[in-house]
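**Student:** Next come the chains, spelled out residue by residue.
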Amino acid sequence: MVERAQASAEQPPPGRPELETAERFRLLVESVKDYAIFILDPSGHVTTWNPGAERIKGYRANDIIGKHFSIFYPRGSSVLEKCEQELEIAARDGRFEEEGWRVRKDGSRMWANVTITALRDPSGLLVGYAKVTQDLTIRRAAEEEARRFQLLVESVKDYAIFILDPSGHVSSWNAGAERIKGYTSDEIIGKHFSIFYPAESITGGRCELELELALRDGRFEEEGYRVRKDGSRFWANVTITSLRDSGNTLLGFAKVTQDLTQRREAEASRRALAEQRAALAERARTQEFQERFLAILGHDLRNPLASIDMGIGILREQASDESAARVLARMQSSSARMSRMIEQILDLTRSRLAGGLDLELRAMALDETLAKIVEELRAAHRGRSIDLFVPPIGIWGDPDRMEQVCSNLIGNAILHGDPSTPVMVRAHVDEASVIVSIHNYGVPIPEEILPKLFDPFRRGERESRTAKTTGLGLGLYISWEIVRGHQGSIDVDSSAERGTTFRVKLPLQPATSR
Amino acid sequence: MTNPNPYHTVLIVEDEEDLRELMSDALQLRGYKVVTAEEGTDALRKIEDIGRPCVILLDLLMPGMNGWEFFERVRERPELESVPVVVYSSASTRAPAGATRVLQKPLAFERLVSIVAEYCRN
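Protein chains in written order, with the working numbering: chain A, 599 to 1112; chain B, 6 to 127.
Hints in this document: simulated from the structure, not taken from any laboratory. Errors might be hidden in some of the hints.
Quick partial rundown of chain B residues pointing at chain A, CB under 8 Å, derived from the structure [as the list claims (entries may be wrong)]: (1) Glu21; (2) Asp23; (3) Leu24; (4) Met28; (5) Asp30; (6) Ala31; (7) Leu34; (8) Ser95; (9) Pro101; (10) Gly103; (11) Val107; (12) Leu112; (13) Ala113; (14) Phe114; (15) Glu115.
Not the full set, but computed from the structure, chain A residues with beta-carbon under 10 Å of chain B [said to hold, decoys possible]: (16) His897; (17) Asn901; (18) Ile910; (19) Glu941; (20) Gln942; (21) Asp956; (22) Glu958; (23) Ala961.
Using N, Cα and C, we set each Cβ at its ideal position, and we do this for glycine too.
From just these sequences and the hints, can you work out the full model?
**Tutor:** In structure tokens:
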């Protein structure tokens, strides 16, 4: 049979058209390199071999002709059975086709598409089989690669990876997309991708612009807000890549979206931390400055004042003529005023900048403090009458600071009150509070000044009472701060008829006293 | 010099020269014997010469040995243990515990001399 086939191939009888056709066909088969095309005899032995077969299977014609075709199959117990079966099917149905593993001469495997066609003569007698084998190993590898890649994309959870068709409609959807955006693939495939954008981006033509840029540059990337199915926003990194086939036809767009909310939050908290640190450093610098400032006020300014006082004292001791004594008296009162102002500025600085006045709270008799101050003021303002009605009252307070408050308020009442009427100092206990009221008649406090009466450096007071005021306008502010430090309050009522009353309310036992 | 009281010298420890000299003048004007020192170490040295002062007027914030440390040193010595120490400072609120008296700067001349009079004979 082998001999016959070769003989007919080599020596075509000239002049017969059917033979010419057969010859042309033989030449065609011989020239095909991409397919192994050969003929098996009815028992399955190879009778012809083309260059494609040689290329694909690795056998030369001499090596293979006459061998049973089972040689192309991976070894196994049922190879002959399988071969038998294939030929039976081809004989029965005219044709058998499958894809499966085959073996090359060198033992390597290939994935092949195999067609076996039964060849019959005009009488219907089976004369053999034509076998066409195509090596699909590379195609299969590419397909597997694509399948694996698809699996990979589908299983990625950290990125939304999906494909848009050229018009921007979603055509694929992965697990990450479902997780990040909240839509299942059923819900989203076919929808336009503008659904992922905040309303303002849609109306602003943002989606179209992004596709245009991806078309122009091949790729578009940005960070921005996107919207989840539930309407919530997230901060996303978005990449859109245009997809084109080898002919440069646009197939669509690959869109990769990463949810950066956490990163953004981490950045925000990192930034907040840095700001906090900077603020702390700034506060430390400010505090250092305040401490220096307080030291200057408290020490450096007071020392020369002490020298001036001392010098005035010495000179007054020695001054013989009256005019020199008068000058020295003026100097001394100015020095005392200066000293008081430094004291007040110190208190202001402590209360405003250095975290509050230092109070040393302890059990004290408020009535005794009031009595002492009234006595001192009576001595200093002879001819002025101060009425004191105070029962014994124990409070939790700083005695020196309470003296300061009483002296300031009663002193003000004397300074601004009608000299022909007494200043009235009363105190009583009302539930858990002590209320001290200091009253005077006289010109009331102007209504426009009342709301800012306790502000530091009150211009109101300084302008309207210049003649009577010798300080900085800090006295009431400091009294207020001291009382506040005792968890108390001061209020004031002033009118021409009722006169002026300052009421100091102090807790009997402040919660934070110990 | 005829004063039979052996303790009649006032020791002033004060770093600011103007104030130190004026205090000294003021007290001398009233007839006290005065020794001055610029800071603690200087004062300790001068105590060796004068023996026991009748009162020490002590500033706190001073370069060199400050008032707090000087006070400790004085109180450590048995012979000086009972010497009155009057703190006269701008930082009077931080005066060492055990100071005989604490005065806040500035202080009028009369007040200073009257306080010294309580401890010393002129």
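**Student:** Hints first: check each against the structure and report whether it holds.
**Tutor:** Evaluation of the provided hints:
no. : hint   : in the structure
1   : Glu21  : holds (5 Å)
2   : Asp23  : holds (4 Å)
3   : Leu24  : holds (4 Å)
4   : Met28  : holds (6 Å)
5   : Asp30  : holds (6 Å)
6   : Ala31  : holds (5 Å)
7   : Leu34  : holds (6 Å)
8   : Ser95  : holds (4 Å)
9   : Pro101 : violated (16 Å)
10  : Gly103 : violated (18 Å)
11  : Val107 : violated (12 Å)
12  : Leu112 : holds (7 Å)
13  : Ala113 : holds (6 Å)
14  : Phe114 : holds (2 Å)
15  : Glu115 : holds (6 Å)
16  : His897 : holds (4 Å)
17  : Asn901 : holds (5 Å)
18  : Ile910 : holds (7 Å)
19  : Glu941 : holds (9 Å)
20  : Gln942 : violated (14 Å)
21  : Asp956 : holds (7 Å)
22  : Glu958 : holds (9 Å)
23  : Ala961 : violated (20 Å)
When each numbered hint is compared with the structure, violations occur for hints 9, 10, 11, 20 and 23.
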